[in-house]
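Chemist: Sequence:
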Amino acid sequence: LSVSSDEEVDRIVGEGLRAGGIEPHEKRDYGFMQQRTIEDFDGHTWEIFYMDITKLSGEETTG
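When the letters of the sequence shown are read in order and numbered with my numbering, they come out as residues 7 to 69.
There may be inaccurate statements among the hints.
Said to hold, decoys possible - Using C-beta positions, here's what the derived DEER-type ranges look like:
1. L62 x R24: 25 to 35 Å
2. S8 x P30: 28 to 38 Å
3. L62 x G26: 28 to 38 Å
4. T60 x A25: 31 to 41 Å
5. A25 x S63: 16 to 26 Å
Note that these hints are calculated values from the structure, not bench results. The beta carbon of each residue, even a glycine, is placed where N, CA and C say it ideally should be.
Make a model of the complete structure from these sequences and hints.
Modeler: As structure tokens, then:
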């Protein structure tokens, strides 16, 4: 699930953890993308991430 900020990634995962979910991996920081994983109590895995396309190396954006 894509969200609008790195803080939103942390907020959503925090809520999931407080509701009984687990975080099977540490937060991943790729420079241009922040990603966290949470597993809910039914065993479903959710990937929450924020991507800042202005930080992609070697890429130019137009529009």
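Chemist: Indicate, hint by hint, whether the structure satisfies it.
Modeler: Here's how the hints hold up against the structure:
no. : hint                  : verdict
1   : L62 x R24: 25 to 35 Å : 33 Å, holds
2   : S8 x P30: 28 to 38 Å  : 20 Å, violated
3   : L62 x G26: 28 to 38 Å : 36 Å, holds
4   : T60 x A25: 31 to 41 Å : 33 Å, holds
5   : A25 x S63: 16 to 26 Å : 37 Å, violated
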